[in-house]
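> Below are the chains, spelled out letter by letter.
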Amino acid sequence: DTGVSQDPRHKITKRGQNVTFRCDPISEHNRLYWYRQTLGQGPEFLTYFQNEAQLEKSRLLSDRFSAERPKGSFSTLEIQRTEQGDSAMYLCASSLFLSVLATSTDTQYFGPGTRLTVL
Amino acid sequence: GNSVTQMEGPVTLSEEAFLTINCTYTATGYPSLFWYVQYPGEGLQLLLKATKADDKGSNKGFEATYRKETTSFHLEKGSVQVSDSAVYFCAVGANSKLTFGKGITLSVRP
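Sequence order for the protein chains is A and B.
Position one of the first sequence corresponds to residue 1 (the numbering used here), numbered consecutively onward.
Position one of the second sequence corresponds to residue 1 (the numbering used here), numbered consecutively onward.
These are calculated hints, taken from the structure and not from any lab test.
You may find that some hints are simply not true.
As the list claims (entries may be wrong) - If you want the footprint, here are the derived chain B segments under chain A, 3+ residues with CB under 8 Å:
1. 18 to 27
2. 42 to 51
Stated by the list, open to error - Chain A residues, not near chain B, derived (Cβ > 10 Å throughout):
3. 10
4. 16
5. 18
6. 19
7. 35
8. 55
9. 73
10. 87
11. 112
12. 117
Using N, Cα and C, we set each Cβ at its ideal position, and we do this for glycine too.
Let the hints inform the model, and build the full structure from the sequences given.
Structure (C-alpha cells):
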C-alpha cells in the first residue's frame, strides 16, 4: 500500500528564489491538502483540492504561494520570491471524500513533508 | 475559528507508567477529533479518532473519549513503552480542515 509521497524531502534555497514542491497522494483519494509546520508548532492549513478544484485557501497563503492539481492526481506548491520566513516543513495530506452528507471529517493521511530552508 | 489547546510539555515518564495528555478544543458545529503521532524522523501518523460525542477512539493501547460537555479529547495509555516516545498532536476536524495543537513531546525512559 503506497502512502502519500513528497519530493524533495529537503530544499535549501537563497532568498528571492522560486521553489516548487510535489505531492503524490494515495491513489484512490480525491482530496489533497497542504499544511505548513514551523518549529515547535502544529501544522497549519494552507489549501485543499477536491479532484482538480481548489476549494479553499487560507489567508496564510500569500500571493507568492500558488498550488495546482491539474489532473486531479499529484499536486505542486510553488513559492515565488522566497523569504526567510517561508522556512518551514511543508506537509501534504490526502483523503477520500465520499459524500456531502457525511457527518464527520474524512481522515487525512500525511506524507513525510518537504523541509524548506531559505538562506 | 477553531482552536486546540494542548498541555505544556515536554513529558518524561518511566516505562510502564500511566499517561494522560490533555487536549481541549473550540469549534462550531459537529467536529471530528483526532490524535496524530510523529515518531523521530517520520511523518505524521493517525493514532486514533472520534467522530461524535461520547465516542471512544483507541489504537495501540491508547484511548481518547470525545467529551462534548467539556470540549475535551484527552489521550490516555495505561502502560507506556520506550517505543511510545514521540510528539503527539491533538487536532479538530471541521469544514474539511484540520486545526492542530502545538504538540507535546513524550519521552519514555527504560
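> Now tell me if each hint is right for this structure.
Now for the hints, and whether the structure bears them out:
1. 18 to 27: violated (count 0)
2. 42 to 51: Satisfied; 7 residues make the cut.
3. 10: 13 Å, holds
4. 16: Given that every Cβ of chain B is farther than 10 Å from that of residue 16/A, nearest at about 29 Å, it holds.
5. 18: 25 Å, holds
6. 19: Given a closest Cβ separation of 20 Å, the condition holds.
7. 35: Its Cβ does come within 10 Å of chain B, the nearest being 8 Å, so this is violated.
8. 55: Residue 55/A not clear of chain B: closest Cβ-Cβ about 7 Å, inside 10 Å.
9. 73: 19 Å, holds
10. 87: Answer for residue 87/A: holds, closest chain B Cβ roughly 18 Å.
11. 112: 4 Å, violated
12. 117: 17 Å, holds
In this structure, the hints that do not hold are numbers 1, 7, 8, 11, in rising order.
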